[in-house]
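Q: Here the numbering used here is used: the first residue of the sequence shown is 1, the next is one more, and so on.
Where hints are given, some of them may not hold.
Stated by the list, open to error - Label pairs and their calculated CB-CB ranges:
# : residue 1 : residue 2 : range
1 : 126       : 162       : 29 to 37 angstroms
2 : 42        : 149       : 34 to 42 angstroms
3 : 66        : 103       : 31 to 39 angstroms
4 : 161       : 98        : 30 to 38 angstroms
Since the hints were derived computationally from the structure, they do not count as laboratory data. Glycine included, every Cβ here is placed at the ideal spot set by N, Cα and C.
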Amino acid sequence: MVLVVLGLFALLVQFTGFDAGGSWPLFVVIPGLTLLLVGFLSLGTGALIPGAILTVIGLILAYMNATQDWPAWAFAWPLVAPGGVGLGIWLQGLRTSDAHLLRQGRVLMFVAALIFIIGFVIFGTIFRISETDYGWFGKAALPALLIIIGIVLLARSIQRSRSA
């Protein structure tokens, strides 16, 4: 299936004059989406995790290619693993109606988001490794969200230790 899609894309480029130079991340996104489709349409769900990982990588590459914000890899990697893995597990749970997989996927995606936010605040806001201006989102919203998440996790930890 991936080869068919790749061949169709090559024909599109050849016969329409479509400039694929700026859209090279599609060569990662399209196989990822194809694997997701295969995972949902077939009886086996084994293609969902690699499909989610490839799709997430492709979307990150598309963002970075469009904005030239390549230093963002310093904090974007958790979106791939554990984020893409969590998305794939969650999709497996959705496909098989397995509540345990749905929960595991959500936990991994939450961990990925938390690591991403921490990395963004450290590398994007404090050290400013990128010249991209993230506006109020990077300057205030994510640091504030990090504070809120920290307070919630601290409160839950204290509550658990008191009830134990």
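Q: A separate judgement is required for each hint: does it hold in the structure or not?
A: Right, here's what the structure says about each hint:
Between residue 126 and residue 162 the C-beta distance comes to about 34 angstroms, which sits within the given range of 29 to 37 angstroms. About 38 angstroms separates the C-beta atoms of residue 42 and residue 149, a value consistent with the hinted range of 34 to 42 angstroms. Checked against the hint of 31 to 39 angstroms, the C-beta distance between residue 66 and residue 103 comes to roughly 34 angstroms, which is consistent with it. Distance hint for residue 161 and residue 98: a CB-CB separation of about 32 angstroms, consistent with the stated range 30 to 38 angstroms.
In the structure shown, no violation is registered for any of the earlier numbered hints.
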